[in-house]
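> The listed protein sequences correspond, in order, to chains V and X.
Reminder that position 281 of the first sequence reads as 281 in the numbering used here, one-by-one numbering, no gaps.
So the numbering used here is basically just the index in the second sequence, starting at one, shifted up by 1000.
One should not assume that every hint holds.
[Stated by the list, open to error] Sample of chain X residues facing chain V (criterion: CB under 8 Å; computed from the structure):
#, residue
1, V1086
2, L1089
3, A1095
4, P1097
5, D1165
6, S1205
7, Y1233
8, V1237
9, A1240
10, M1257
11, G1263
12, S1264
13, D1266
14, Y1267
[Said to hold, decoys possible] Simulated pairs of lysine to any residue, SDA-like, Cα-Cα distance not exceeding 25 Å:
#, chain 1, residue 1, chain 2, residue 2
15, V, K385, V, T337
16, X, K1390, V, G46
17, V, K20, X, P1297
18, X, K1216, X, E1181
19, V, K216, X, D1213
20, X, K1020, X, S1059
21, V, K216, X, D1246
22, V, K112, V, V101
23, V, K216, X, R1210
24, X, K1020, V, A299
25, V, K29, V, R13
26, V, K390, X, F1048
27, V, K216, V, P185
The set of hints was computed from the structure by calculation and includes no laboratory data.
Don't be surprised by glycine CBs; every beta carbon is placed ideally from N, CA and C.
Number of protein chains: 2
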Amino acid sequence: MNASGNTQETFVRVLYEFPKGLDPERQGKILAIGQTVGSISGDTAGRFASYQGILESVSLLPNGRGQARVLYPAQNVSGDLGSLLVMILGKYSLAGPVRIVSLELPPGYGTKCRTGFEGIRERVKVTGRPLFMGIFKPALGLSPDDLARILRDVGEAGLDLIKDDEILPDTPASTAISRMEACRPVLEEIERARGRAMLYAVTLSGRADRLLDQAKRLRDAGANAYLLSPFAYGLSVMEALASHPDTNLPIFAHPAMAGALSGSPDYGFDMRVLLGTLMVHGGADAVLYPTSAGNLPIAPETERGIRDILQRSDLAPVPSAGVHPGALPRFLPDGDTRIILNAGTGVMDHPGGPAAGVRAFFEAWERMCEGSAFTLETLPDGPLKEAIVKWGT
Amino acid sequence: MNASGNTQETFVRVLYEFPKGLDPERQGKILAIGQTVGSISGDTAGRFASYQGILESVSLLPNGRGQARVLYPAQNVSGDLGSLLVMILGKYSLAGPVRIVSLELPPGYGTKCRTGFEGIRERVKVTGRPLFMGIFKPALGLSPDDLARILRDVGEAGLDLIKDDEILPDTPASTAISRMEACRPVLEEIERARGRAMLYAVTLSGRADRLLDQAKRLRDAGANAYLLSPFAYGLSVMEALASHPDTNLPIFAHPAMAGALSGSPDYGFDMRVLLGTLMVHGGADAVLYPTSAGNLPIAPETERGIRDILQRSDLAPVPSAGVHPGALPRFLPDGDTRIILNAGTGVMDHPGGPAAGVRAFFEAWERMCEGSAFTLETLPDGPLKEAIVKWGT
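Full structure from sequences and hints, please.
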């Protein structure tokens, strides 16, 4: 596409899909011109040619939907995700239905994660098995002392990571700092006792400047991981968080609001772009997404696609929503252990309490490794059996 | 809803709409509980009751669609738009189709604008007529000297405001600072010559920390207005920009990406919420949106709704996209002059050049005031007639 033929370095490559009835060639041309130079008077076209998008290819799918692949010169954007979104969808999003189904960025575009999945594994000193993550529940209304008590229970039971619920922001009733201050000594206690750290991802909130300041103060207060909802706060905020030396902690990205950008088949983004590609280039270390074996609607191939994109760049996939111990084999497709399995009620609402919930997951993992069945008749009494009585397999 | 009956102060009120077939009562309850306390064990329900959302009402529309109005305690969020979005849509957005059609926030929630429409009017010293805004075109590829030359032309012709295209970010070929440095002396010249300022909204870009730093440097370099695409960069970034003492300039919010959040009737937000309510509480001073008299699809009642919400809080409505001089009466519904009319090619691609484009708008405004016709037969030769020959009425 250019003299060296090296399109990958110098172009952003976007595959758009349009509903049946829209001409993908016409729409592709509108995108290639409208999202770059805009209007061009004939006499100056030559001068602006290097800024113009290129309609690379067009196709019609068997279901009648059209696709257009557009190349945009990378020089048109400033290396961040905000200006990228303005270019690849921006104003055109108001023109009618269009969906970005694939996005290829120049290597190094955006912000790379600093910790990554390997870094997270090193901190919790676990290899050869999936990591297990819990969520403090109920989401709201627990006191810092409640959190510390729960944390001690699940930490002693061996849980690798825990997080706030994403809907628990910094409020007078529960400041993020007070949560950290209550939990820090317990985290230190757990690390001393078992010889490996436990990570606690604390929810970041507030307008961008305050959120970034809060992240620094939390790190000073002992935080060892962050939870951020980039689609609610802005991908540009995640990029900033992943760049500043004083906020160098693993970032767990939460998919809150992602459904508004990906739910309709005719608008927004395929989830693989949203929760895969944009996370890889946005600085996330770990990405939560609904698992197809859980209680939210997502196709198995979409989940697989997200997981593949994340794993290829050493980000941690964190399948979530409806995860409980008895169904562990369903949550670890092909026995893939390169994931962080995240359970809220599946840990916290175990009939025997949160620690029993954690033990049930480890018991399930051991049975999976042995190849033992998960039937009530063959299970010994204990946390896993109780979990399966409550939630099934 | 509480002892004093004062729901407005203490609750966030959201009206959700669901496609036909979904039970709004069931979904409303899931939202009220799931987006607040999450799971509740029976024995602790009392303690968490003050955090629970309340399903206020449910209705079925004649077209079969369901609506549910949910009240959320304002104490659950931290007074910013990020945590608000996580609460009111967040994780639930992944559960299936849902659209927020109305949003009522406690007074003072979020970030209030500092300049407002009255402040913008004071700066450009114009009352009693709409303000006219241009856009530098082509969007990309103009040198700082090109911009300065165009600026002088349109400023001398009387244009009130001008902006970068939103797709022109900070790049090596065109840094925002170099644009400001080239344009500052011209802006000063224009103000001296006509005795009133001209505003130039320069595009902000980059990851959040850099964008906010850039905004400060641009103000030092003479910038007198900002252009930000909050749906690409984050509403939390706009809130930060609207709060810091060193970035106290009017913010022009661009709707880039808004279509991805509002295009489908079953997902995301009604445009009145997105480009009205969230802008009022997000710190914008002026909001661009497609006009129903232009070239992008938007219903007249939606446009009217956006305009009403903005005007009620002294934000400037900026109808855009397909605006040209001959159609001025269509762009000023009911003769409403409390708007900023924004034209890109409608100014820049005028057959007589950008200055003639500006003159054509003023000529059109005078004819409107006189009640004169816009027919080619009755028009004198001049910029307006040339514009109508090119673009019609």
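> Does each hint fit the structure? Answer for all of them.
Quick rundown of the hints versus the structure:
no.	hint	verdict
1	V1086	5 Å, holds
2	L1089	6 Å, holds
3	A1095	6 Å, holds
4	P1097	6 Å, holds
5	D1165	6 Å, holds
6	S1205	5 Å, holds
7	Y1233	4 Å, holds
8	V1237	5 Å, holds
9	A1240	4 Å, holds
10	M1257	6 Å, holds
11	G1263	4 Å, holds
12	S1264	4 Å, holds
13	D1266	6 Å, holds
14	Y1267	4 Å, holds
15	K385/V / T337/V	23 Å, holds
16	K1390/X / G46/V	24 Å, holds
17	K20/V / P1297/X	18 Å, holds
18	K1216/X / E1181/X	14 Å, holds
19	K216/V / D1213/X	18 Å, holds
20	K1020/X / S1059/X	12 Å, holds
21	K216/V / D1246/X	21 Å, holds
22	K112/V / V101/V	22 Å, holds
23	K216/V / R1210/X	17 Å, holds
24	K1020/X / A299/V	23 Å, holds
25	K29/V / R13/V	14 Å, holds
26	K390/V / F1048/X	23 Å, holds
27	K216/V / P185/V	19 Å, holds
The structure agrees with every numbered hint stated previously.
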